[in-house]
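Join the two chains, each given in its own frame, into one complex according to the hints.
Line by line, the protein sequences are chains A and G. Numbers given in our numbering equal positions in the first sequence, counted from 1, plus 243. Numbers given in our numbering equal positions in the second sequence, counted from 1, plus 33.
What the hints contain is simulated information worked out from the structure, not anything from laboratory work. Mixed in with the good hints there might be a few duds.
[Stated by the list, open to error] Below, in silico cross-link-like pairs of lysine to any residue (SDA-like), each with a Cα-Cα straight-line distance of 20 Å or less:
| id | chain 1 | residue 1 | chain 2 | residue 2 |
| --- | --- | --- | --- | --- |
| 1 | G | Lys-403 | G | Glu-303 |
| 2 | G | Lys-269 | A | Ile-306 |
| 3 | G | Lys-242 | G | Lys-403 |
| 4 | G | Lys-274 | A | Ile-298 |
| 5 | G | Lys-412 | G | Val-430 |
| 6 | G | Lys-270 | A | Tyr-310 |
| 7 | A | Lys-273 | G | Thr-502 |
| 8 | G | Lys-182 | G | Gly-339 |
| 9 | G | Lys-341 | A | Ser-245 |
| 10 | G | Lys-307 | G | Lys-369 |
| 11 | G | Lys-369 | G | Glu-413 |
| 12 | A | Lys-248 | G | Lys-270 |
| 13 | G | Lys-274 | A | Leu-251 |
| 14 | A | Lys-248 | G | Val-532 |
| 15 | A | Lys-273 | G | Ser-506 |
| 16 | G | Lys-274 | A | Gly-246 |
| 17 | G | Lys-264 | A | Leu-251 |
| 18 | G | Lys-253 | G | Ile-115 |
| 19 | A | Lys-313 | G | Lys-274 |
| 20 | G | Lys-253 | G | Leu-114 |
| 21 | A | Lys-248 | G | Trp-342 |
| 22 | G | Lys-274 | A | Leu-288 |
| 23 | G | Lys-415 | G | Thr-432 |
| 24 | A | Lys-273 | G | Phe-499 |
| 25 | G | Lys-209 | G | Gly-339 |
| 26 | G | Lys-274 | A | Val-257 |
| 27 | G | Lys-269 | A | Ile-300 |
| 28 | G | Lys-274 | A | Asp-317 |
| 29 | A | Lys-273 | A | Val-257 |
| 30 | G | Lys-373 | G | Glu-413 |
| 31 | G | Lys-270 | A | Glu-315 |
| 32 | A | Lys-273 | G | Phe-507 |
| 33 | G | Lys-373 | G | Thr-438 |
| 34 | G | Lys-274 | A | Tyr-309 |
| 35 | G | Lys-274 | A | Leu-247 |
[As the list claims (entries may be wrong)] Examples of chain G residues toward chain A, derived with CB under 8 Å:
| id | residue |
| --- | --- |
| 36 | Lys-274 |
| 37 | Leu-277 |
| 38 | Val-278 |
| 39 | Ser-440 |
Yeah, the Cβ is synthetic: ideal placement off N, Cα and C, and Gly gets one too.
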Amino acid sequence: MSGLKKILGLLWIVAGPVIIIFLFMQAADKIGEAAEGIARTNTTLQWAIIILIFIPICTGLVIFGYYAWKGEYDHLPESSEEL
Amino acid sequence: MRSTESNVTQSITQVIAASSLGTLIEWYDFYIFGSLAVIIGQQLFPSDAGASALINTLAIFAAGFIVRPFGALVFGRLGDLIGRKYTFLLTLVLMGGSTFLIGLIPSYSSIGYAAPILVLILRLVQGLALGGEYGGAATYVAEHAPVGKRGFFTSWIQTTATLGLFLSLGVIVLTKNILGAKNFADWGWRIPFLVSILLVVVSIYIRMKMHESPVFSKLKAEGKVSANPLKESFQKKANFKMVLVALFGATMGQGVVWYTGQFYAQSFLENTCKLDFNESRYILLWAIVFATPFFVIFGSWSDKVGRKWIMLTGMLLGVVCYRPIYQYFLDATDVKEMQKTMLLSESEPVVERGLVPDKADSLITTTITKTLTNGMTFKESKVEVITEDVLAEVPAVQTVIKDVTLSTQSYIMVILLVFFQIVLVTMVYGPIAAFLVELFPTQIRYTSMSLPYHIGNGVFGGLVPFIATLIASFQGSTPLSGLWYPIGIAALSFIIGAVYINNRRDENVMD
Numbered sequence: 244m245s246g247l248k249k250i251l252g253l254l255w256i257v258a259g260p261v262i263i264i265f266l267f268m269q270a271a272d273k274i275g276e277a278a279e280g281i282a283r284t285n286t287t288l289q290w291a292i293i294i295l296i297f298i299p300i301c302t303g304l305v306i307f308g309y310y311a312w313k314g315e316y317d318h319l320p321e322s323s324e325e326l
Numbered sequence: 034m035r036s037t038e039s040n041v042t043q044s045i046t047q048v049i050a051a052s053s054l055g056t057l058i059e060w061y062d063f064y065i066f067g068s069l070a071v072i073i074g075q076q077l078f079p080s081d082a083g084a085s086a087l088i089n090t091l092a093i094f095a096a097g098f099i100v101r102p103f104g105a106l107v108f109g110r111l112g113d114l115i116g117r118k119y120t121f122l123l124t125l126v127l128m129g130g131s132t133f134l135i136g137l138i139p140s141y142s143s144i145g146y147a148a149p150i151l152v153l154i155l156r157l158v159q160g161l162a163l164g165g166e167y168g169g170a171a172t173y174v175a176e177h178a179p180v181g182k183r184g185f186f187t188s189w190i191q192t193t194a195t196l197g198l199f200l201s202l203g204v205i206v207l208t209k210n211i212l213g214a215k216n217f218a219d220w221g222w223r224i225p226f227l228v229s230i231l232l233v234v235v236s237i238y239i240r241m242k243m244h245e246s247p248v249f250s251k252l253k254a255e256g257k258v259s260a261n262p263l264k265e266s267f268q269k270k271a272n273f274k275m276v277l278v279a280l281f282g283a284t285m286g287q288g289v290v291w292y293t294g295q296f297y298a299q300s301f302l303e304n305t306c307k308l309d310f311n312e313s314r315y316i317l318l319w320a321i322v323f324a325t326p327f328f329v330i331f332g333s334w335s336d337k338v339g340r341k342w343i344m345l346t347g348m349l350l351g352v353v354c355y356r357p358i359y360q361y362f363l364d365a366t367d368v369k370e371m372q373k374t375m376l377l378s379e380s381e382p383v384v385e386r387g388l389v390p391d392k393a394d395s396l397i398t399t400t401i402t403k404t405l406t407n408g409m410t411f412k413e414s415k416v417e418v419i420t421e422d423v424l425a426e427v428p429a430v431q432t433v434i435k436d437v438t439l440s441t442q443s444y445i446m447v448i449l450l451v452f453f454q455i456v457l458v459t460m461v462y463g464p465i466a467a468f469l470v471e472l473f474p475t476q477i478r479y480t481s482m483s484l485p486y487h488i489g490n491g492v493f494g495g496l497v498p499f500i501a502t503l504i505a506s507f508q509g510s511t512p513l514s515g516l517w518y519p520i521g522i523a524a525l526s527f528i529i530g531a532v533y534i535n536n537r538r539d540e541n542v543m544d
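Looking at chain G on its own, in the form it has when it is part of the complex (with noise of 0.2 Å):
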């Protein structure tokens, strides 16, 4: 008996382990393109900053925004109709493949065009891929998991998200620390990309060694298999007011969330707050480290209670302390009224001259760096435009704070308060796989979960930064009037979960 057990057990420890590290790596490969972008940008694409935006248009949004859906509909039927296990191998396969062709493609300088036009098609592939993905690998794994257990084995599938980000920084700092800034500037970019073959060779060879799900097999040994997945997801109205409320009531208040803690944070402290480029992702990878463990957590106890609340919670914590947070970010790195008071010590000002860029004037910055009694430091730079044209406006000097590196005191708390999200994020994000899986039948749950998942974590949550810089863009708006996008979308969420979604915890997913 004892026996029996521990079989049963080494073989859910190998489909979440098959399972979660295929979704690590989809994760990090579709994460090391959005965090070499500017190299890719310098490298790939061409000089004319025109035609280089408009190729990055289409490799950012029509990847994150219509392919990753399209690709939940095209894989997610392929799951339904031929397996689980085929399709997310066919998924890793491609995303697998792309990113490593990402790192052959020659540079624009050797085959011009057709450089950025490669990366845009092997964008979309990984972008159509990721789309297929996650459906597959949460569906394969919680038809294997015991009755009880289902949050908790998914669960670690949710992990994979954060983690493939922390893989992707971890790999690009290393390979620059070993190869130096210029070496990697010129080919070590390439590195982290022809990495990510072994990483799937090793885990397709990890996939191919496991079985089909259960569940899956006996519905195909009984011939119950669904004839058109697409057509008894969407046009069947019992089912599809399901996808309709996993939508608006749990993944559209998830995405936000998701991105708010991940991506929003560092990017705030890094362009509004003007901290310190490693010091912003130190601070991201210390909050990852500490509240990874949350998502089996929260997987695990929303066995125990239910889905609903827990993610829901999640929502309306980020709904209630999002503006809080980010005005902490902004006091505590207000050096301008901090050096009124604080103020220790100036460095020699060092002084630059160069020409502004497509024109015949000069720009002097002169730099001083500066410390405060409280242990931060700042560069602060006045920019000053000499003009040849004796009858043009004298532009004034600007002022531009930079590199602003935190007193301990406050670095540990903006760590706290990232990890804060973080742990928001676990809780929207942890049970959320369980509970797509048991919202759908099993002939069609790789179609149904895979769509709104898809369109809420990667259309309303990948508009996060788009949609707070148009708010901030606004008249009479503040450094945090773009989060009233995160808000009031977790807020809707928050209001459509708590009044539609029932707090249910299917025992039986063999439907």
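Chain A extracted, bound-state conformation (with noise of 0.2 Å):
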């Protein structure tokens, strides 16, 4: 199991600039789309926050397959005495 958690680790590393790219690559092709004026601005805001989240949250998925790959999954806390 430990080699299956540090293999996906890497998975996790390189999916969290994936998601990224995508999701700037779609927020162009939609803000492009949107029609002038107010609908525009209003379609860039939406995805301005989407980005503004995940980027945190593929930041997160980035450390979490890093810690996959370091092994600091390979032995979680069984009790509270572990915490």
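Right under this line is the structure:
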């Protein structure tokens, strides 16, 4: 199981930036499609909030992957004494 | 001896009642805004669609996705510094006060842009308060619960989000039926907001009489309260890695299963399947009534078999079953196909004439109510645009299906399938409070559990409608394509949970 945790860790490290790039591409696409004026401002605002929220979440995913790769999850606390 | 046991039981019952009632009211407050968004838009927002959309975006996106996690940090920190009782009392006051004040805001026609700006500010306060409430209530109950019954006792807190939704729908339907549609749209919509203050006062009175959590009191007496809960939660690797695994392995999947079962299902039935407005709501209400006890059943069961596999089974069943369930919804409401072989009768056509907004063109809508041999009814409207410009291309006549009502057999089947989705919600959500509480030490429990919960539920769950609509806009998409978002996130969370989470049931939270 430890090996699997580590290998999947690499996947999470890669997934973080990939998701952010995908979101930026979608944002550019949808903002470009929106009509000029308030509709475009509204779409830009929506996507700005989503990207603002997902950057720290995806950074968290990369850190999670890094911890997994380094073996931090090989043993998790079994009881409160280990917390 | 028997008397002591009775006192302990009574005390825990009071703890659960006080915590659950307050949390239920907070969810009620949060949902009535969503349920009455259209009327609020008409009364308090400018008629200019663009400006309205902008303020709405801020109210929905900012309150749900930014302010809720921020509230989790602010109040989580406070709860770990000064105590659980006073912090979740404060969130209740903020939530109840802001809801009451929304009911008092003068209309846009009276005070202009001050009305939507006040709505926005109060909505942000609601989001902030909600972010702080849940972690406090769950921690407070868990720290009172006897060993081996933490899942059972905290599961009562877990029923409140669903019951808050039920209560908000119930109060709105009742007020509307008593006052009539016109009065309700004019001023009656304020009543559900104003009623909230009565509920909040009762809840504050009950909570004021409760004592601080014994675990936190002991910590405080020993001088072991954390000096900086935020730093300890997110800068200490041993704890931060647990925050990450809680988010990606549990709350992220829980959030999408929760929103798909309770919101996306109803929205899909109404908007995609064109089900009648009331029928889609009654289906949800019935499903909630029958499924709610399962929060307690699964919470209690998790005390015996562990939290992990109950939650993950709920996610896996969602991954496997969502597409067949929603395909059934589409098939059961495909009246276009059914009427080819099952048409029983048609009403006389009703013709309505109007104007195309902002144009000189005329709009003729011809509506026929059709009944099928299986008892289903629906309205079929043909919308025709008569343009005055003789050189302009003649627009095609559009056929619109709406107000579909189901046959008895399909109605029961759809209730069962929505019920099944809410049972999945109870599987992922029932044990999660106990799971989160046991993952973190007392000093930083409120802070550490609140953030992953509100990112999972608020951000990943709250984005289900937005991302489902986004996916549906891709080229070649089908009405079921939007489901790939909850399916993908639940599958990812299942894998991370299965590989990285322990199936522990911690007997002791006095750490």
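Evaluation of the provided hints:
| no. | hint | result |
| --- | --- | --- |
| 1 | Lys-403(G) x Glu-303(G) | holds, 18 Å |
| 2 | Lys-269(G) x Ile-306(A) | holds, 13 Å |
| 3 | Lys-242(G) x Lys-403(G) | violated, 59 Å |
| 4 | Lys-274(G) x Ile-298(A) | holds, 18 Å |
| 5 | Lys-412(G) x Val-430(G) | holds, 16 Å |
| 6 | Lys-270(G) x Tyr-310(A) | holds, 9 Å |
| 7 | Lys-273(A) x Thr-502(G) | holds, 12 Å |
| 8 | Lys-182(G) x Gly-339(G) | holds, 12 Å |
| 9 | Lys-341(G) x Ser-245(A) | holds, 18 Å |
| 10 | Lys-307(G) x Lys-369(G) | holds, 12 Å |
| 11 | Lys-369(G) x Glu-413(G) | holds, 9 Å |
| 12 | Lys-248(A) x Lys-270(G) | holds, 18 Å |
| 13 | Lys-274(G) x Leu-251(A) | holds, 15 Å |
| 14 | Lys-248(A) x Val-532(G) | holds, 7 Å |
| 15 | Lys-273(A) x Ser-506(G) | holds, 10 Å |
| 16 | Lys-274(G) x Gly-246(A) | holds, 18 Å |
| 17 | Lys-264(G) x Leu-251(A) | violated, 28 Å |
| 18 | Lys-253(G) x Ile-115(G) | holds, 9 Å |
| 19 | Lys-313(A) x Lys-274(G) | holds, 12 Å |
| 20 | Lys-253(G) x Leu-114(G) | holds, 9 Å |
| 21 | Lys-248(A) x Trp-342(G) | holds, 18 Å |
| 22 | Lys-274(G) x Leu-288(A) | violated, 32 Å |
| 23 | Lys-415(G) x Thr-432(G) | holds, 5 Å |
| 24 | Lys-273(A) x Phe-499(G) | holds, 13 Å |
| 25 | Lys-209(G) x Gly-339(G) | violated, 44 Å |
| 26 | Lys-274(G) x Val-257(A) | holds, 18 Å |
| 27 | Lys-269(G) x Ile-300(A) | holds, 18 Å |
| 28 | Lys-274(G) x Asp-317(A) | holds, 12 Å |
| 29 | Lys-273(A) x Val-257(A) | violated, 25 Å |
| 30 | Lys-373(G) x Glu-413(G) | holds, 14 Å |
| 31 | Lys-270(G) x Glu-315(A) | holds, 9 Å |
| 32 | Lys-273(A) x Phe-507(G) | holds, 11 Å |
| 33 | Lys-373(G) x Thr-438(G) | holds, 17 Å |
| 34 | Lys-274(G) x Tyr-309(A) | holds, 10 Å |
| 35 | Lys-274(G) x Leu-247(A) | holds, 17 Å |
| 36 | Lys-274 | holds, 5 Å |
| 37 | Leu-277 | holds, 4 Å |
| 38 | Val-278 | holds, 7 Å |
| 39 | Ser-440 | violated, 40 Å |
Consistency with the previously given hints fails for numbers 3, 17, 22, 25, 29 and 39, ordered from lowest to highest.
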